[in-house]
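Given chain R's structure and the hints, the job is docking chain D onto it.
Heads up: the sequence lines are chains R and D, in that order. With the working numbering applied, the first sequence closes on residue 363, and no number is skipped along the way. With the working numbering applied, the second sequence closes on residue 128, and no number is skipped along the way.
Worth flagging that the hints you see were computed from the coordinates, not collected in a lab. A hint or two may mislead.
Claimed, not checked - Computed footprint of chain R on chain D; a stretch qualifies when at least three of its residues, placed anywhere within it, have a C-beta under 8 Å from a C-beta of chain R:
id, stretch
1, 40-46
2, 62-73
Stated by the list, open to error - List time: in silico SDA-like cross-link candidates among lysine to any residue, alpha-carbon distance up to 20 Å:
id, chain 1, residue 1, chain 2, residue 2
3, R, LYS21, D, ALA126
4, R, LYS268, R, GLN96
5, D, LYS123, R, VAL16
6, R, LYS362, R, ASP234
7, R, LYS21, D, ASN92
8, D, LYS123, R, GLY19
9, R, LYS21, D, CYS125
10, D, LYS123, R, PRO154
11, R, LYS8, R, GLY27
12, R, LYS65, R, ALA138
13, R, LYS21, D, GLU35
14, R, LYS21, D, ILE106
15, R, LYS362, R, PRO154
16, R, LYS21, D, ASP30
17, D, LYS55, D, ILE106
18, R, LYS21, D, MET1
19, R, LYS362, R, MET43
20, R, LYS285, R, ASP302
21, D, LYS11, D, GLU35
22, R, LYS261, R, ASP250
23, R, LYS21, D, LEU36
24, D, LYS123, R, MET23
25, R, LYS21, D, SER67
26, D, LYS123, R, MET22
27, R, LYS274, R, GLU252
All values derive from a computational prediction rather than experimental measurement. Using N, Cα and C, we set each Cβ at its ideal position, and we do this for glycine too.
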Amino acid sequence: MEKEGLLKTPLYEEHVRSGGKMMPFAGWLLPVQYEAGVLAEHMAVRNKCGLFDVSHMGEILCQGKDALANLNRLLTNDYTSLADGQARYSPMCNAQGGVIDDLIVYKAGDGDYFIVVNAANKDKDFAWMCSQAQGDVAFSDRSADIAQLALQGPAAPDIISRLVAAESIPAAYYSCRFNVQMDGVPAMISRTGYTGEDGFEIYLAAGDAPRIWNRLLAVGKEYGLCPCGLGARDTLRLEAAMPLYGHEMDEEVSPLAAGLKMFVKMDKSDFIGKAALAAGTLTEKRVGLQVTGRGIVREQQDVYSGDRRVGRTTSGTYAPFLQQAVAMARVQADAVTVGDRLTVDVRGRRVAVEVVKLPFYKR
Amino acid sequence: MNFPEELWYTKSHEWIRMQEDGSAQIGLTDYAQHELGDLVFVNLPAVGDVLAAGKTFADVESVKAVSDVFSPVTARVAAVHEELADAPADINNAPYEAWLVRVENITAHEELLNAADYEAYTKTCAAE
Numbered sequence: 001m002e003k004e005g006l007l008k009t010p011l012y013e014e015h016v017r018s019g020g021k022m023m024p025f026a027g028w029l030l031p032v033q034y035e036a037g038v039l040a041e042h043m044a045v046r047n048k049c050g051l052f053d054v055s056h057m058g059e060i061l062c063q064g065k066d067a068l069a070n071l072n073r074l075l076t077n078d079y080t081s082l083a084d085g086q087a088r089y090s091p092m093c094n095a096q097g098g099v100i101d102d103l104i105v106y107k108a109g110d111g112d113y114f115i116v117v118n119a120a121n122k123d124k125d126f127a128w129m130c131s132q133a134q135g136d137v138a139f140s141d142r143s144a145d146i147a148q149l150a151l152q153g154p155a156a157p158d159i160i161s162r163l164v165a166a167e168s169i170p171a172a173y174y175s176c177r178f179n180v181q182m183d184g185v186p187a188m189i190s191r192t193g194y195t196g197e198d199g200f201e202i203y204l205a206a207g208d209a210p211r212i213w214n215r216l217l218a219v220g221k222e223y224g225l226c227p228c229g230l231g232a233r234d235t236l237r238l239e240a241a242m243p244l245y246g247h248e249m250d251e252e253v254s255p256l257a258a259g260l261k262m263f264v265k266m267d268k269s270d271f272i273g274k275a276a277l278a279a280g281t282l283t284e285k286r287v288g289l290q291v292t293g294r295g296i297v298r299e300q301q302d303v304y305s306g307d308r309r310v311g312r313t314t315s316g317t318y319a320p321f322l323q324q325a326v327a328m329a330r331v332q333a334d335a336v337t338v339g340d341r342l343t344v345d346v347r348g349r350r351v352a353v354e355v356v357k358l359p360f361y362k363r
Numbered sequence: 001m002n003f004p005e006e007l008w009y010t011k012s013h014e015w016i017r018m019q020e021d022g023s024a025q026i027g028l029t030d031y032a033q034h035e036l037g038d039l040v041f042v043n044l045p046a047v048g049d050v051l052a053a054g055k056t057f058a059d060v061e062s063v064k065a066v067s068d069v070f071s072p073v074t075a076r077v078a079a080v081h082e083e084l085a086d087a088p089a090d091i092n093n094a095p096y097e098a099w100l101v102r103v104e105n106i107t108a109h110e111e112l113l114n115a116a117d118y119e120a121y122t123k124t125c126a127a128e
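Pulled out of the complex, with its shape left as it was, chain D reads as follows:
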């Protein structure tokens, strides 16, 4: 299981990559894609949408079920990863490259964990 050091993580298993220009990319963690199984559909927001920290902004579907994706931050959608619509399996194969949205104007954020704390957290999830 992969937990890149430079990213921040949520307890709902999203990652956020802060960029130098103040924008950020958001995606699903390796733990999330492994739990979800083969993804076959992804439903993304539109450029210009405003996301609210802790609220759902997208959903992904595995063969069996739909799962909501929660935003780590309050921000505006600057770009949407359109190619994912045709290749949802990219989220399974390369979760840290398969960003869902890039956001800007971040004004608030949920509780964010560093890689070590998130990894420890995933171990408590598995124990349930």
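So that you can see chain R by itself, here it is in the shape it has in the complex:
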């Protein structure tokens, strides 16, 4: 394993001490699983609660009188109606309508926004935002100072209430609370997540992370809280049919072909990529596949309708809660419908799949 130049989150020592199996991801050393294993960690999140270190993600501030105008120009979604303490997801496109990244914007106040981006794209995103800035706005990359934990599962509200006053806990899905006290340290808490369960994403000063990580595990123990790694993070998000940058979309793929149409507001006055999206014809779409034959379908495998190649898988795995293999694919829009029986080329062998509605799992 290549260890040179890999970054460590503030929680690296905690992971090693807890028996985390460390692996490189997006330039960071993170646990893919702990001793419990991916299946047990996945089920803990669905049934009780799991705790993830996601400190590798990037945090960028967007501040100034023209912050809103800049966000509406950079992003496909419309942020005009975003209220203080509210969060909203959006793809960010280039001029050709391809996706640079997908991200979530949190509003602290007028002219004051907090943006969370994918770890792998953080530097690219920050450089792009700065280069496209117009008027009275400043972007600042705060990633190095901020740690992020994700507390996900039905027991998450009970667990967080042990460390945070009730009135400081965000109640509605996609709401957030800035500057609350979490066991004596300042935090931003949002009611968001990447698992398909109820839960919270917690933003802390990097130096406070180890203590809060250990406190959460201690108070969460009686509720069945366990630490979870990247392996479970991927199986959970795929079961919930949540897209992953680099798989369901990338710079060559439009958000419309990635199934993100509801986050693209074509009636906004303008945004980067709008002209390209308006001019293009949509020939591809995202579908869900449930494996009915023998085998596990993975990413980047060809999808066939009879002998005709109709697309390619973008993600695939064994789904622990559903106890079957599932995949998402980008296919020719007019060639595939829910209910169709197709096959996927899995390392030279055709495996039978059925096209199903997304998401595979809903809480």
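Just chain D now, kept in the frame of chain R:
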């Protein structure tokens, strides 16, 4: 970590149990199942297939990845452990009982290590 004395081992982490009638069972070691993590799928050959020493004859899948299984011997498949198809986790839970195939007519073999040498070898793998 478990290294039963009566078995022989390969550097690719398979074990082989020689039987009195000249046939042998082949499976994955405790070290292998621990490295692979939770197994969710196993793809086995068919009875009658001929395996070649050092070549892959099966694959196992964990949640994250596929791994090839290599045959320690050149031999013919006499029996396949069908029940594993429905319970791949048996390989994790009882690796030395979860034989993948039983083979006969063994005509050649890869470099085989005894339990002590294999255990020493796994320690060098972990150090990488």
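Going down the list of hints, with the structure as the test:
1. Check on the stretch 40-46 of chain D: 3 of its residues sit with their Cβ under 8 Å from a Cβ of chain R, so the three-residue criterion for coverage holds.
2. Restraint check on the stretch 62-73 of chain D versus chain R: 4 residues with Cβ-Cβ distances below 8 Å, three needed, restraint holds.
3. Using a Cα cut-off of 20 Å, the hinted pair LYS21(R) and ALA126(D) holds, with the two alpha carbons roughly 12 Å apart.
4. A distance of roughly 17 Å separates the Cα atoms of LYS268(R) and GLN96(R); the hinted pair therefore holds under the 20 Å criterion.
5. Taking the CA atoms of LYS123(D) and VAL16(R), the gap is near 19 Å; set against the 20 Å cutoff, the hint holds.
6. Distance hint between LYS362(R) and ASP234(R) is fulfilled; the C-alpha atoms sit about 16 Å from each other, no more than 20 Å.
7. Only pairs whose Cα atoms come within 20 Å are accepted, and LYS21(R) paired with ASN92(D) is accepted, the gap being roughly 17 Å.
8. Proposed proximity of LYS123(D) and GLY19(R) is supported: the alpha carbons are some 18 Å apart, at most 20 Å.
9. For the hint pairing LYS21(R) with CYS125(D), the CA-to-CA distance comes to about 15 Å; that is within 20 Å, so the pair holds.
10. For the proposed pair LYS123(D) and PRO154(R), the alpha carbon gap of about 41 Å is over 20 Å, so the pair is violated.
11. A hinted pair counts as satisfied when its Cα atoms are at most 20 Å apart, and LYS8(R) with GLY27(R) qualifies at roughly 9 Å.
12. A distance of roughly 10 Å separates the Cα atoms of LYS65(R) and ALA138(R); the hinted pair therefore holds under the 20 Å criterion.
13. Proposed proximity of LYS21(R) and GLU35(D) is supported: the alpha carbons are some 10 Å apart, at most 20 Å.
14. At roughly 38 Å between alpha-carbon atoms, LYS21(R) and ILE106(D) are farther apart than 20 Å, so this suggested pair is violated.
15. Among the hinted pairs, LYS362(R) with PRO154(R) is consistent with the structure: their alpha-carbon atoms are about 13 Å apart, no more than 20 Å.
16. Of the pairs offered as hints, the one joining LYS21(R) and ASP30(D) holds, with about 17 Å between alpha carbons and a cut-off of 20 Å not exceeded.
17. Of the pairs offered as hints, the one joining LYS55(D) and ILE106(D) holds, with about 14 Å between alpha carbons and a cut-off of 20 Å not exceeded.
18. For a cut-off of 20 Å, the pair hint linking LYS21(R) to MET1(D) stands: about 17 Å separates their Cα positions.
19. For a cut-off of 20 Å, the pair hint linking LYS362(R) to MET43(R) stands: about 14 Å separates their Cα positions.
20. Under the criterion of a C-alpha separation no larger than 20 Å, the hint pairing LYS285(R) with ASP302(R) is consistent with the structure, at around 15 Å.
21. Our distance criterion of 20 Å between C-alpha atoms is met by LYS11(D) and GLU35(D), whose separation comes to about 14 Å.
22. Between LYS261(R) and ASP250(R), the direct Cα distance comes to roughly 15 Å. Compliance with the 20 Å bound is thereby established for this hinted pair.
23. As the CA atoms of LYS21(R) and LEU36(D) are separated by approximately 11 Å, the hinted pair is consistent with the 20 Å bound.
24. Taking the CA atoms of LYS123(D) and MET23(R), the gap is near 19 Å; set against the 20 Å cutoff, the hint holds.
25. Of the pairs offered as hints, the one joining LYS21(R) and SER67(D) holds, with about 18 Å between alpha carbons and a cut-off of 20 Å not exceeded.
26. Distance hint between LYS123(D) and MET22(R) is fulfilled; the C-alpha atoms sit about 18 Å from each other, no more than 20 Å.
27. This hinted pair checks out: LYS274(R) and GLU252(R) have alpha carbons roughly 15 Å apart, not beyond 20 Å.
Of the numbered hints stated above, those contradicted by the structure are hints 10 and 14, listed in ascending order.
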